Amino acid sequence: MKKSILDLYPTTKLLGVLFVFISILIVPGYAYQYAILPICMVIALLAGVLQSFCSLFFKGVTLIVLFIFIIQGFFYPGETVLWSGWIFSLKLEGLNYSLLLTSKIVAITASIILFFQITKTKDLIIALEKMGTPKKVTYVIMSTLQIIPQMRKQLNVIMDAQRSRGVETEGSLMIRAKAIVPVLGTLIISSFENTQERVITLESRAFTTQRKKTNVTVLPKGPLDTIVRIVLLLLLVLIIWKGVIG
Amino acid sequence: MSLLSMKNVSYRYPINNWKSLKQVTLNIEAGVFYAVIGAGGAGKTTLCSVFRGFIPHFYHGELEGEVQLFGKNLLQYELADIAARIGYLFQNPFTQISGAKETVFEEIAYGLENLGVEPAEIRKKVEDVIALLKLEKIAESNPTELSGGQKQRVAFASVIVMDPEVIIIDEPTSQLDPQGTEEIFRIIDLMKQRGKTIILVEHKMEWIAEFADRIIVMEDGQVVMQGDTQSILSNPKVMEHGGTLPQYAEVGLKLLGEEGIHQVPITRKQGELVFSKLQKGGAE
Amino acid sequence: MKRGLKKDFTLLAITMIPIGVAINVVAYQLMTILKMPIYLDVIGTCIVAMVAGPWVGLVTGGLGNVVNGMLNPVSIPFAITSMAIGLTAGYLSKYRMLVKPWRIIVSGLLIAVVSSATSSPIQVILFGGVTGQSGDIVMATLLATGKQIWTAVFSQTLLLGVVDKVLAILASSLIVYKMTPQFLSKMHYGDIYMRSKKMNRKGDQVK
Chain A
1 MKKSILDLYP
11 TTKLLGVLFV
21 FISILIVPGY
31 AYQYAILPIC
41 MVIALLAGVL
51 QSFCSLFFKG
61 VTLIVLFIFI
71 IQGFFYPGET
81 VLWSGWIFSL
91 KLEGLNYSLL
101 LTSKIVAITA
111 SIILFFQITK
121 TKDLIIALEK
131 MGTPKKVTYV
141 IMSTLQIIPQ
151 MRKQLNVIMD
161 AQRSRGVETE
171 GSLMIRAKAI
181 VPVLGTLIIS
191 SFENTQERVI
201 TLESRAFTTQ
211 RKKTNVTVLP
221 KGPLDTIVRI
231 VLLLLLVLII
241 WKGVIG
Chain B
247 MSLLSMKNVS
257 YRYPINNWKS
267 LKQVTLNIEA
277 GVFYAVIGAG
287 GAGKTTLCSV
297 FRGFIPHFYH
307 GELEGEVQLF
317 GKNLLQYELA
327 DIAARIGYLF
337 QNPFTQISGA
347 KETVFEEIAY
357 GLENLGVEPA
367 EIRKKVEDVI
377 ALLKLEKIAE
387 SNPTELSGGQ
397 KQRVAFASVI
407 VMDPEVIIID
417 EPTSQLDPQG
427 TEEIFRIIDL
437 MKQRGKTIIL
447 VEHKMEWIAE
457 FADRIIVMED
467 GQVVMQGDTQ
477 SILSNPKVME
487 HGGTLPQYAE
497 VGLKLLGEEG
507 IHQVPITRKQ
517 GELVFSKLQK
527 GGAE
Chain C
531 MKRGLKKDFT
541 LLAITMIPIG
551 VAINVVAYQL
561 MTILKMPIYL
571 DVIGTCIVAM
581 VAGPWVGLVT
591 GGLGNVVNGM
601 LNPVSIPFAI
611 TSMAIGLTAG
621 YLSKYRMLVK
631 PWRIIVSGLL
641 IAVVSSATSS
651 PIQVILFGGV
661 TGQSGDIVMA
671 TLLATGKQIW
681 TAVFSQTLLL
691 GVVDKVLAIL
701 ASSLIVYKMT
711 PQFLSKMHYG
721 DIYMRSKKMN
731 RKGDQVK
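Chains as they are written, first to last, in our numbering: chain A, 1 to 246; chain B, 247 to 530; chain C, 531 to 737.
If you are wondering where the hints come from, they were derived from the structure by calculation, not from laboratory data.
Note that the structure is predicted; figures quoted are calculated from it, not measured.
Each hint should be verified, as a subset may be incorrect.
[As the list claims (entries may be wrong)] Restricting the straight-line Cα-Cα distance to at most 27 Å, the calculated cross-link-like pairs of lysine-lysine (DSSO-like) are:
{"hint": "1", "chain 1": "C", "residue 1": "Lys-565", "chain 2": "A", "residue 2": "Lys-59"}
{"hint": "2", "chain 1": "C", "residue 1": "Lys-708", "chain 2": "A", "residue 2": "Lys-153"}
{"hint": "3", "chain 1": "B", "residue 1": "Lys-318", "chain 2": "A", "residue 2": "Lys-212"}
{"hint": "4", "chain 1": "B", "residue 1": "Lys-371", "chain 2": "A", "residue 2": "Lys-120"}
{"hint": "5", "chain 1": "A", "residue 1": "Lys-130", "chain 2": "B", "residue 2": "Lys-371"}
{"hint": "6", "chain 1": "C", "residue 1": "Lys-536", "chain 2": "A", "residue 2": "Lys-135"}
{"hint": "7", "chain 1": "B", "residue 1": "Lys-370", "chain 2": "B", "residue 2": "Lys-380"}
{"hint": "8", "chain 1": "B", "residue 1": "Lys-265", "chain 2": "B", "residue 2": "Lys-253"}
{"hint": "9", "chain 1": "A", "residue 1": "Lys-122", "chain 2": "B", "residue 2": "Lys-370"}
{"hint": "10", "chain 1": "A", "residue 1": "Lys-122", "chain 2": "B", "residue 2": "Lys-380"}
{"hint": "11", "chain 1": "A", "residue 1": "Lys-212", "chain 2": "C", "residue 2": "Lys-537"}
Please work from the sequences and hints to get the whole structure.
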């Protein structure tokens, strides 16, 4: 089961996310939207990524949802008071608004996080290239994802080196501020200057040829892909139909 | 028939007000291993850039004279068309990793992917090169996490896999330790055995003496000496032009004329022969 | 040097984008480690916009949010803000607004306004005015004193944003001025910042 979910073609999974986006805007209320979260969690469990999914989701969304309820609950314009305390009154209109808003946020966030947990970026890039995305675009995406962790490590190395040279990183604001220039300055300048050589390297790898790029890794497209896509399409048609009829 | 040639070529970089190359005439013949030596700033890297077409296509500036690659004028080429025929490697291992790939295998395949080669053929070629350069242990590693020497070997693999006729290499071992240096020179020797035309810029004279066929000496933007390895690397004039000789040669020059020493040794093997001759002579 | 939406995306500009995004991340990381009250997380976008042009700057900004959004999708809609900052910084740079200290400070204020003006609507419409961070307390206070939510959100982001953006653009300008002529001469918009246009043999710079 785990393998079949992970092996789904990237575009199929992307269609799933798109389906969620469209359907949560058509279906009224907030129950369906909130329900997307447990569905995503089930898929995450089956794909073996439940732990990372949950830690990412709850870390990112919990505070926002909470604050929305607090702020909109108390300050959204409305008449129906549910609870009153001190100078604040919780209103029904605010609560309703919060439910509608947060349910959509939950659904979208859950589906996007799930997508990236069950899809390897490498595979997504291959699928994009097959669909005609230019080399330059896919290069920028892959290169960015690779270079960020690399530079973060570099920062730590530079900080240690500067600390051993006597640069202070704790103390008053001025002391800490003085650490910024030696640490960040050389890192930024050398990183940008190095791009000149990197361009030569890309040229040497025939990056600028006009030929259509191939990929050494071939992504399989199985029968499950077709099934999933058909199911999503049918569900979408059903939802739109129901939405139109009312 | 020369593979690559320059006739009266001069060049000035856009932001310099002096010329990096002055009236250079040079012929590169197929299958020969050329080593370019000379002091810093002599124009060696510029020479490489012209032969690879980066000058003028990438660096712009003022290029005078005639440059021919494979019988066609350089200015008629698109930079992309040269990539598959002339490989280019340089000093910095860190900037020679494309950054677009997560494993060494894919990194090596990248050039062939850009050239539009079929996946099955790419796979075979990459596997061949990995076996040839003994990169099996790191084939699945992330290129950004390798050591400098490993990165340089991956860079070599990425270029070699495209099977170019000419390989231009600019100081590949400057940032490597002695072991890394040896590994790179072994790779270069492999390419020589495969009949590639090689243009190598280097300072490590002992290694050049071992492998190069012909030497080109540059000074101040001009080619001041060229010839076969034995005669150039035993010629003290090289040092007047800002170059250095292999250690054996420097010592050998001083011993010239002594018992049985008629030729300046330039390689280790020759040096050992000379010393054993001297030892025998001294014993008598 | 040819410029324009399409022509700006040279191979060199393309390789700058990942660096710009990574610098944004790393600058923010450093500010966090040093416990500074500013983010400086637009520094990479600004530098790229200054030398590679407004459109490349725009892409750099937007990509940062998209990449971040893979783990925290809440940042994705704010790509609009980052793109607006990149675009603004690029045009300010092109019209020589970043060559003198006073102009740089004014530019910083302008960028702060653009940042708040683009992020506030997103914050209000999509997230009910909430960011999930400490700034919400400021905003809640403003709301409690009777202000409209749009005003509250705009004031909160502007207050916190001004110092951050001004410092970021100052730092970016300082850094761009330190870049080598070789590098700047290759960038479409870098010539304004070249300290000299020609070098003589000894490596001295000639005016």
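Status of the hints after comparison with the structure:
With a C-alpha separation of about 21 Å, the suggested pair C:Lys-565 and A:Lys-59 falls inside the 27 Å cut-off, and the hint holds. Distance restraint check for C:Lys-708 and A:Lys-153: the Cα-Cα separation of roughly 24 Å lies within the 27 Å cut-off, and the hinted pair is therefore satisfied. Pair hint B:Lys-318 plus A:Lys-212 holds up; C-alpha atoms about 25 Å apart against a cutoff of 27 Å. A distance of roughly 25 Å separates the Cα atoms of B:Lys-371 and A:Lys-120; the hinted pair therefore holds under the 27 Å criterion.
At most 27 Å may separate the alpha-carbon atoms for a hinted pair to count; A:Lys-130 and B:Lys-371 meet this at roughly 22 Å. Restraint check for C:Lys-536 and A:Lys-135: satisfied, since their Cα atoms lie roughly 15 Å apart, inside the 27 Å limit. Distance hint between B:Lys-370 and B:Lys-380 is fulfilled; the C-alpha atoms sit about 15 Å from each other, no more than 27 Å. As the CA atoms of B:Lys-265 and B:Lys-253 are separated by approximately 16 Å, the hinted pair is consistent with the 27 Å bound.
Our distance criterion of 27 Å between C-alpha atoms is met by A:Lys-122 and B:Lys-370, whose separation comes to about 21 Å. Among the hinted pairs, A:Lys-122 with B:Lys-380 is consistent with the structure: their alpha-carbon atoms are about 26 Å apart, no more than 27 Å. Of the supplied pair hints, the one linking A:Lys-212 and C:Lys-537 holds, its CA atoms being roughly 21 Å apart against a limit of 27 Å.
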